[in-house]
Amino acid sequence: MKPVALLFSIVLVLSTAPLAVHALQSDAPAEEAVAVAAPKDEVTAPVDEALDPLRSELMELAFRAASAMPNHPHIKNRSRAQEQVVDLALELGQSNRVIEYAERIDNWRRASAYAKYAEHAASLGHRALAESYVAKSRSNLEHHLANPTVYESVQPWMAERIRVVLAKAHYHMGNEDAGREIVQQLGDESNAAVRAIGIEHLTAEHFEGKLAEVRGEIGRGGIDPVRYGLETAVQLHRHFFADAEKRTLLEGIVRDSWRPVPLAVRIQFLTAMARSASDHGDQPHALALLDEARTQLDSVTWLVPDRLPLVALLAEGRHAAGDEEGAAKELREGLALFHTERERIPDVFRGEALRPLAEAHQRIGQGEVALAIYRLALDEGLLNPNSRPRAEDLVATACSMARTRAPADAALLARLRAAVEALGEPW
Amino acid sequence: MNKKLLLTVLLGAGLAGSAQAAEIVVNADIATSTTWTKNNTYNLAQQIYVMPGATLTIEAGTVIASSPTPNGSGSLAITAGAQIFVLGTEAEPVIFTSTTDVNTWINGNPKTGTYRQAANEWGNLTIMGRGYVAENATPGNTATPNAANVATMEGLTAQFPGDTRVLYGGGDDEDDSGTIRYASIRYAGRVLGLGNELNGLSLGGIGRGTDIEFVEIMNNVDDGIEIWGGTVNLKNFAIWNVGDDSLDIDQGWRGKAQFGLIVQGYSVGAAQGSGIGDNAFEIDGAEQSDWQPVTTTSVYNLTLIGQPISGDHGVAYRDGARLQLRNSIIMDMGEQALRLDNVDGDGGAGYGFGGTVSWADTWTTAFNAAPAHPNDPAPGLVGWAGYPAQVDGFLNDVRDTVFFNNNNGSAYTVANSVGVFDVANNNLIAANSPVRYVGRGPAVNPFGSLVMQPVVKLDPRATNDAVSSVGQAPNDGFFTPAPYRGAFDATTNWLKGWSAADAYGFFTADAAVQVRTSPLNVPNSISAVGLPTFGNSSFAIQLNDPALACVAPGQLALLIADFGGPLNLPFPGFGCGGGFGALLIAPTALQITLPPQVFAGAPVNFGLPIPNTPPSLSGLQVNTQGVFVNLSTFTTTFTQALDFTFGT
Numbered sequence: 076m077k078p079v080a081l082l083f084s085i086v087l088v089l090s091t092a093p094l095a096v097h098a099l100q101s102d103a104p105a106e107e108a109v110a111v112a113a114p115k116d117e118v119t120a121p122v123d124e125a126l127d128p129l130r131s132e133l134m135e136l137a138f139r140a141a142s143a144m145p146n147h148p149h150i151k152n153r154s155r156a157q158e159q160v161v162d163l164a165l166e167l168g169q170s171n172r173v174i175e176y177a178e179r180i181d182n183w184r185r186a187s188a189y190a191k192y193a194e195h196a197a198s199l200g201h202r203a204l205a206e207s208y209v210a211k212s213r214s215n216l217e218h219h220l221a222n223p224t225v226y227e228s229v230q231p232w233m234a235e236r237i238r239v240v241l242a243k244a245h246y247h248m249g250n251e252d253a254g255r256e257i258v259q260q261l262g263d264e265s266n267a268a269v270r271a272i273g274i275e276h277l278t279a280e281h282f283e284g285k286l287a288e289v290r291g292e293i294g295r296g297g298i299d300p301v302r303y304g305l306e307t308a309v310q311l312h313r314h315f316f317a318d319a320e321k322r323t324l325l326e327g328i329v330r331d332s333w334r335p336v337p338l339a340v341r342i343q344f345l346t347a348m349a350r351s352a353s354d355h356g357d358q359p360h361a362l363a364l365l366d367e368a369r370t371q372l373d374s375v376t377w378l379v380p381d382r383l384p385l386v387a388l389l390a391e392g393r394h395a396a397g398d399e400e401g402a403a404k405e406l407r408e409g410l411a412l413f414h415t416e417r418e419r420i421p422d423v424f425r426g427e428a429l430r431p432l433a434e435a436h437q438r439i440g441q442g443e444v445a446l447a448i449y450r451l452a453l454d455e456g457l458l459n460p461n462s463r464p465r466a467e468d469l470v471a472t473a474c475s476m477a478r479t480r481a482p483a484d485a486a487l488l489a490r491l492r493a494a495v496e497a498l499g500e501p502w
Numbered sequence: 133m134n135k136k137l138l139l140t141v142l143l144g145a146g147l148a149g150s151a152q153a154a155e156i157v158v159n160a161d162i163a164t165s166t167t168w169t170k171n172n173t174y175n176l177a178q179q180i181y182v183m184p185g186a187t188l189t190i191e192a193g194t195v196i197a198s199s200p201t202p203n204g205s206g207s208l209a210i211t212a213g214a215q216i217f218v219l220g221t222e223a224e225p226v227i228f229t230s231t232t233d234v235n236t237w238i239n240g241n242p243k244t245g246t247y248r249q250a251a252n253e254w255g256n257l258t259i260m261g262r263g264y265v266a267e268n269a270t271p272g273n274t275a276t277p278n279a280a281n282v283a284t285m286e287g288l289t290a291q292f293p294g295d296t297r298v299l300y301g302g303g304d305d306e307d308d309s310g311t312i313r314y315a316s317i318r319y320a321g322r323v324l325g326l327g328n329e330l331n332g333l334s335l336g337g338i339g340r341g342t343d344i345e346f347v348e349i350m351n352n353v354d355d356g357i358e359i360w361g362g363t364v365n366l367k368n369f370a371i372w373n374v375g376d377d378s379l380d381i382d383q384g385w386r387g388k389a390q391f392g393l394i395v396q397g398y399s400v401g402a403a404q405g406s407g408i409g410d411n412a413f414e415i416d417g418a419e420q421s422d423w424q425p426v427t428t429t430s431v432y433n434l435t436l437i438g439q440p441i442s443g444d445h446g447v448a449y450r451d452g453a454r455l456q457l458r459n460s461i462i463m464d465m466g467e468q469a470l471r472l473d474n475v476d477g478d479g480g481a482g483y484g485f486g487g488t489v490s491w492a493d494t495w496t497t498a499f500n501a502a503p504a505h506p507n508d509p510a511p512g513l514v515g516w517a518g519y520p521a522q523v524d525g526f527l528n529d530v531r532d533t534v535f536f537n538n539n540n541g542s543a544y545t546v547a548n549s550v551g552v553f554d555v556a557n558n559n560l561i562a563a564n565s566p567v568r569y570v571g572r573g574p575a576v577n578p579f580g581s582l583v584m585q586p587v588v589k590l591d592p593r594a595t596n597d598a599v600s601s602v603g604q605a606p607n608d609g610f611f612t613p614a615p616y617r618g619a620f621d622a623t624t625n626w627l628k629g630w631s632a633a634d635a636y637g638f639f640t641a642d643a644a645v646q647v648r649t650s651p652l653n654v655p656n657s658i659s660a661v662g663l664p665t666f667g668n669s670s671f672a673i674q675l676n677d678p679a680l681a682c683v684a685p686g687q688l689a690l691l692i693a694d695f696g697g698p699l700n701l702p703f704p705g706f707g708c709g710g711g712f713g714a715l716l717i718a719p720t721a722l723q724i725t726l727p728p729q730v731f732a733g734a735p736v737n738f739g740l741p742i743p744n745t746p747p748s749l750s751g752l753q754v755n756t757q758g759v760f761v762n763l764s765t766f767t768t769t770f771t772q773a774l775d776f777t778f779g780t
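Chains as they are written, first to last, in this note's numbering: chain A, 76 to 502; chain B, 133 to 780.
Hint data in this document are derived by calculation from the structure and do not stem from the laboratory. All figures in this text were calculated on a predicted structure; none of them were measured in a lab. Hints should not be assumed to be uniformly reliable.
If you want a taste of the chain B side facing chain A, the calculated C-beta under 7 Å gives, among others [as the list claims (entries may be wrong)]:
#: 1; residue: T189
#: 2; residue: E191
#: 3; residue: T296
#: 4; residue: G603
#: 5; residue: N607
#: 6; residue: P613
The beta-carbon is built from N, C-alpha and C at its ideal position, and this holds for glycine as well.
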């Protein structure tokens, strides 16, 4: 998952449903609120959203590629790739496929997929369905915990990850006690992820309380409190951007904590705040933040697969701020860097370097260039003689194209189909 | 099979010890996914890289046996982006060794073999991943965790500018390099073409998507297992007779470990730290103490057995490392049980450097309360697992651990200074051994003045203070709650059946008693009092209630003991009524008769106090049988036979 998506996915995924307001958890200020989906008829299930045939096929190709990997010995790789497609199906509102895909996952990630579906259903108000999938997730996880394969031992982070999602599902259903019970079992990092629920629904009267919480977390020291505090500050910056005093204050808080922050994440914060500025019509401020991010980017040497996703972030940010030429320049330079350094990048890592550039082109409206880069990513991903990395690359490329609504001409689609069909020994 | 891979199949020219297996000489990198099967043996002719994207699967029972060559010998490295699946089982482990070792196997049976004081006979197994590392030698690396921070693997050399095969580190703490189960790595450590040395198992930047359990390192010239950064977890591992640190941690490891046995010794006659064991467990925080990630881990159920005369330390702390050591055993250390090295000797700085937590404060700072530091990882750092290993306690602590026979004058200086023996920690210095048996061979001087007393027999199972503990590992999915101290409970040695230590006979036999009979012997006429375990001074053979065997008081009672082995049959003897029969037992030169006793109308006990027996007696079987002699008629009555085996 790419930086921005990861950083803010926790919040963004929760912003889709008709909502009521309930308290989040016991240690939250009383006036703080989180959205809870209004319950629907308890026997209903989410309806699949309309999906164009191209994206539908891309998603299907991705799942076929993932499922082509044999469980022996690749059950971990196969299941991981399958879950990526589950995530895409959720993102595209394809509930039926989520279940269909989940049923074909053969390790603990099936429980993870059930949990995600439960959260999805809960966020849309399908309480009975959500509860049934919470139960299925728990049951399936217990099964896998009790029956580990020879390839994979059970590790706590697996269950922890699922618990985070289940906690969110409970909060969406208004089952605060159940959610709180799960939260109490979580490590600090996961706990913070759950506590981030609902920031986008805060109102002005909640600001001071949340700000105090941010300062408290940062001031408390320790890795996870600082992490939570800064994430929250950036999210508040977006939510309250229209208030100049508040946004200045929040930017100051972020900068006061500047030194501990790795460069990649500084750039993520800067581009996120720049996007907030652009979305609120303050392009000059956005560009200033992006220039600052660029300075950070150029201050150290990066591996190309690490640098190009950040370049793509900058380009998208410049585009959003109205700096079309700047955006194009970032992407041109990024692509040139790839070609210059190509031989130094193992073939299995080239696709992950290129896809962010393609996604950025697509998002800024340069579909043809995006398509060309996707073609290149596809070709590079197929250079490796082994089908396991090919399959993983195909999954990533097909998901990326479906996610960004990238166009695909007949030739590219045919090449994708053929590549999926050709998967086989050696893995 | 990769067409580009040049494999020489030498059918019919198999290794001496495995005559039915074809030997496949592997002499090119593996770019295409490949499966190695147990019907072949694989000889690594050079440094072999499994290239990014390729998967090497090794089936249960496969032997990888490499030959020394004039310029070194073969070695196996898994590059970042590649995967390895070592799918050994308890019944059929995967063995990485030398052809010299295989030549000692009896009829090619990998569960046999003769131990040799050797190492450096082939390279090693190196795995490189893309987890976060803290390494300050690579230009451009940053002090804060960064996906761009990479390092060159120790012992590997780039063959051309931009050779990424030798690099590890990245930004994915969940990186998956595959699975290793039941792997025995023996006699390794040789770097191809160089004078350097390799660790038995090198793990650089390995993510927690990788699974490693049941791994053994026997006789390596450098470290046993070395971990640089990453988050990989280890379970059930054993490290014997390595020439440097047995378990060595660097560059910010954040995984967990449980059930580890370390037996310090030596592998070749070389300096300490290069042939002769250094620290049992050496744990560095980061290459520079204020860089991150810093090693932060929780380790349960270790058994560390040192060298009592010239051995080094038990646990050596460096460069800001944070270790929670719980439910463990630290014994027989030549120097300090816990040691503050503080720095790693390569110019780095120690605890407290650059505003990091001081050494003393790491023992009083809660695991989740380290003050913020400029190099703390960032919120939302992509692929960063954080510091998941510690869930309670202090950044450094030792709990529920038993110390034994650490006799250096400063053995506990550091431990005392940081409150290890505060009552709340439930640690203790034991008067009796916490493991069942440690048998050492004669003291030797393999290098200079260093005196080694190699462990030649061991029963690592818990006894005395190790049998139970106050606390135990949390039931978190990885750790197994184990309410005892050390790597083994009181009943099960999980190394038996698959390890080199077992094949070479390092483990003591189980003490055993068995009654044999023939129809003519008096039923229920003999039994053992206790078990013939080393040091059991009350062991005895009892001739049961001779009156039931028609033996009248006043008869002479004798006990014949014979070392001839189990093929001897008991005297067919005589039940009530007497009479002669054929003498089926074959007396040997070792046969002895204990001093006779006179039957006085009660069971007769022949005491056989067993000293803390020399290790060579482990497994030795003794056959005994009782005889009653009527001093008037000289008729004899024989009991059943009773066989017993010296052991633990």
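Going through the hints against the structure:
1. T189: At about 5 Å, which falls below the 7 Å cut-off, the nearest Cβ of chain A leaves the hint on T189(B) intact, so it holds.
2. E191: violated, 10 Å
3. T296: Holds. Min distance 6 Å.
4. G603: violated, 18 Å
5. N607: violated, 10 Å
6. P613: Since the shortest Cβ distance to chain A is 13 Å, the answer is violated.
Of the numbered hints stated above, those contradicted by the structure are hints 2, 4, 5 and 6, listed in ascending order.
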